[in-house]
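Undergrad: Sequence:
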Amino acid sequence: MKLVNDFKNFLSDTVNLNQTRITLLEDRAETINSFLRASDWEPTISTFIEQGSWAHDTIIRPVDGGEFDADLLVRVRPVDGWSAAQYVKDLGRVFLESGRYADKTVVYDYCVTITYADDCKIDIAPLVMDREYRGTLEVCDKRNDKFDESQPIEYTRWMREKNGYSGNNSFRKATRLIKYIRDIKKRFSCQSVLLTTLVGHRIEWFDKDSDGFADTPTALQTIMGRLDDWLQARPDKPGVNNPSLPTEDFADLWNDTQYANFRNFVNKYRKWIDEAIDAETRSDSIEKWRKVFGDDFAKGENVKKAEASAMQQASALLMEGAAHLDSLVDNVIDFGISILPLWFRTPSHLQAPRWQPAEQVSRNVQVFAEYRASQYSGKGHPINSGEALPPRGGLWFDVRVNKFQTVPADCYVRWRITNTGAVAMALKKGRGGFEKPTDGDRRWEALEYRGVHMAEAFIIRRSDDRLVGFSEPFYAVIK
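The numbers in our numbering rise by one with no breaks, and the one at position 231 of the sequence shown is 231.
Quick caveat, the hints were computed from the structure, so don't treat them as lab data. What you are looking at is a predicted structure, and each value in this text was computed from that prediction instead of being measured. Note that the Cβ used here is the ideal one computed from N, Cα and C, for glycine as well. Don't take every hint at face value.
[As the list claims (entries may be wrong)] Mimicking EDC-like on lysine to aspartate or glutamate, the simulated pairs with C-alpha atoms at most 16 Å apart in a straight line are:
#1 2 with 274
#2 428 with 448
#3 146 with 80
#4 271 with 211
#5 121 with 103
#6 379 with 215
#7 479 with 330
#8 429 with 448
#9 121 with 26
#10 268 with 215
#11 89 with 27
#12 403 with 27
#13 121 with 40
#14 2 with 229
#15 104 with 123
#16 271 with 229
#17 146 with 132
#18 237 with 256
#19 403 with 330
#20 89 with 13
#21 299 with 6
#22 8 with 27
#23 268 with 228
#24 121 with 67
#25 268 with 334
#26 403 with 228
#27 121 with 69
#28 479 with 448
#29 299 with 13
#30 121 with 228
#31 104 with 67
#32 237 with 249
#33 89 with 118
#34 299 with 275
#35 2 with 275
#36 403 with 67
[Claimed, not checked] If you anchor each label on the Cβ, the simulated ranges turn out as follows:
#37 230 with 444: 36 to 46 Å
#38 99 with 274: 47 to 57 Å
#39 19 with 205: 26 to 36 Å
Please put together the full structure from these sequences, using the hints given.
TA: Set out below in structure tokens:
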């Protein structure tokens, strides 16, 4: 069943970024506009341009207390003699010297990021116009000190054109739902610009007013079906050209493993969506839609949920403690780490912290991970907690406080690495103790044993050896 009204409520109550936050975002962008125009930043500002999900109206509410971010381009006239790096560096200087923004500012390769206390980030990037000849637009790569051609206005026009082919903005709403699946399930990696482009190519001019996009659930089924067909015909990673700049291939944002994983999960979700629409009763349909979106879909309905069944099965598989059966891994891959009971994170071989707690212990400590084929290989890609990983290569774990700040110099880090699963426990490799970082504050861990493993960061003050902060577990799921 389509359950059109339930989708309307689900979008409004759970998926869409609420109007209060949108208004706040617009107000902050206007304040940044006024601040920069009154600053001593040398480039002459032409205009400010919304970019990405914000401009496309596909921005969604952050899940699990995460951040929502927006991209703001500052279109400027070129400054004689300036290199690409100067535009970004000097823009960063202006914010870092400001009493209003100094403690919120981080300078990255292409942009300056302002992080607010309420989980909102705005990325501000210089966009240089008419530098070599009239009509060109270029973003600035600080790291490599070079200009890269960009066509953000044309890309936004392309997205809006695609949405115009659908009925009742169903294409735009379906795009938000697919992004929500990505964020809530954490089963695959696909950056928004790549995902949006893949989705955008699944609707054409001849779809206008067609039954395939008549409402939101139908549009979702049509897009996922077409995307799955396209992916299944391409076992090897294909090109995904930027429709507004054909020389740019967004598929470069994937490696081969990430593409294969995305291809598999789109196929799985496509089948689940078909089953939900084909369900003959409302109760059965809600159960199947919750398999796709989680319990927040059709909230308040008292029906059996696939997730509840998975949670019961997970608990049964854990009755023998940390030496859980292999099938637990399959359940976590299908339904996410949310099915794990709270006591999973405290197996019997886990060691308690040996440091006395400070007067205030922060939980605003975050672990990040990057997958690499080997410890010293040059190129890696970020991994989400709970993402399924192959039993090869490894992860570089890193730690931040307050979401983007490095650990203070007057503190040191210890890592608690805890393995679970029948293989690791049989080999007496459960670990669960505290270990020093491998490099700086980072810790390298090879991916070896099938199971659901955990990495936690603990921050200790040097002066008195007291614990001042620790993270939530980062789950590494090895297939």
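Undergrad: Hint by hint, say whether it matches the structure.
TA: Results for each hint:
1. 2 with 274: holds (10 Å)
2. 428 with 448: holds (13 Å)
3. 146 with 80: holds (15 Å)
4. 271 with 211: violated (20 Å)
5. 121 with 103: It holds: about 13 Å lies between the C-alpha atoms, which stays within 16 Å.
6. 379 with 215: Violated: residue 379 and residue 215 sit about 42 Å apart, past 16 Å.
7. 479 with 330: Judged against 16 Å, a Cα distance of about 8 Å means the pair holds.
8. 429 with 448: Cα-Cα ~11 Å, so holds.
9. 121 with 26: Holds - the C-alpha atoms of residue 26 and residue 121 are around 12 Å apart, at most 16 Å.
10. 268 with 215: violated (22 Å)
11. 89 with 27: Distance of about 25 Å is beyond 16 Å: violated.
12. 403 with 27: violated (23 Å)
13. 121 with 40: Given that 16 Å is the threshold and the Cα spacing comes to 23 Å, the pair is violated.
14. 2 with 229: Given that 16 Å is the threshold and the Cα spacing comes to 22 Å, the pair is violated.
15. 104 with 123: With a Cα-Cα distance of about 12 Å, the restraint between residue 104 and residue 123 holds, given a limit of 16 Å.
16. 271 with 229: holds (12 Å)
17. 146 with 132: holds (13 Å)
18. 237 with 256: holds (6 Å)
19. 403 with 330: Given that 16 Å is the threshold and the Cα spacing comes to 31 Å, the pair is violated.
20. 89 with 13: violated (40 Å)
21. 299 with 6: Since the Cα atoms of residue 299 and residue 6 sit roughly 9 Å apart, the hinted pair holds (cutoff 16 Å).
22. 8 with 27: Judged against 16 Å, a Cα distance of about 27 Å means the pair is violated.
23. 268 with 228: holds (9 Å)
24. 121 with 67: Measuring from Cα to Cα gives roughly 7 Å; hence the hint holds.
25. 268 with 334: holds (9 Å)
26. 403 with 228: Since the Cα atoms of residue 403 and residue 228 sit roughly 35 Å apart, the hinted pair is violated (cutoff 16 Å).
27. 121 with 69: Since the Cα atoms of residue 121 and residue 69 sit roughly 4 Å apart, the hinted pair holds (cutoff 16 Å).
28. 479 with 448: At roughly 9 Å apart (the allowed maximum being 16 Å), residue 448 and residue 479 satisfy the hint.
29. 299 with 13: holds (10 Å)
30. 121 with 228: Measuring from Cα to Cα gives roughly 33 Å; hence the hint is violated.
31. 104 with 67: holds (14 Å)
32. 237 with 249: holds (12 Å)
33. 89 with 118: At roughly 26 Å apart (the allowed maximum being 16 Å), residue 118 and residue 89 break the hint.
34. 299 with 275: violated (20 Å)
35. 2 with 275: With Cα atoms ~11 Å apart, residue 2 and residue 275 stay inside 16 Å; holds.
36. 403 with 67: Judged against 16 Å, a Cα distance of about 9 Å means the pair holds.
37. 230 with 444: 36 to 46 Å: Distance hint for residue 230, residue 444 holds at roughly 37 Å.
38. 99 with 274: 47 to 57 Å: holds (56 Å)
39. 19 with 205: 26 to 36 Å: holds (32 Å)
The structure is inconsistent with the numbered hints 4, 6, 10, 11, 12, 13, 14, 19, 20, 22, 26, 30, 33, 34, although it conforms to all the rest.
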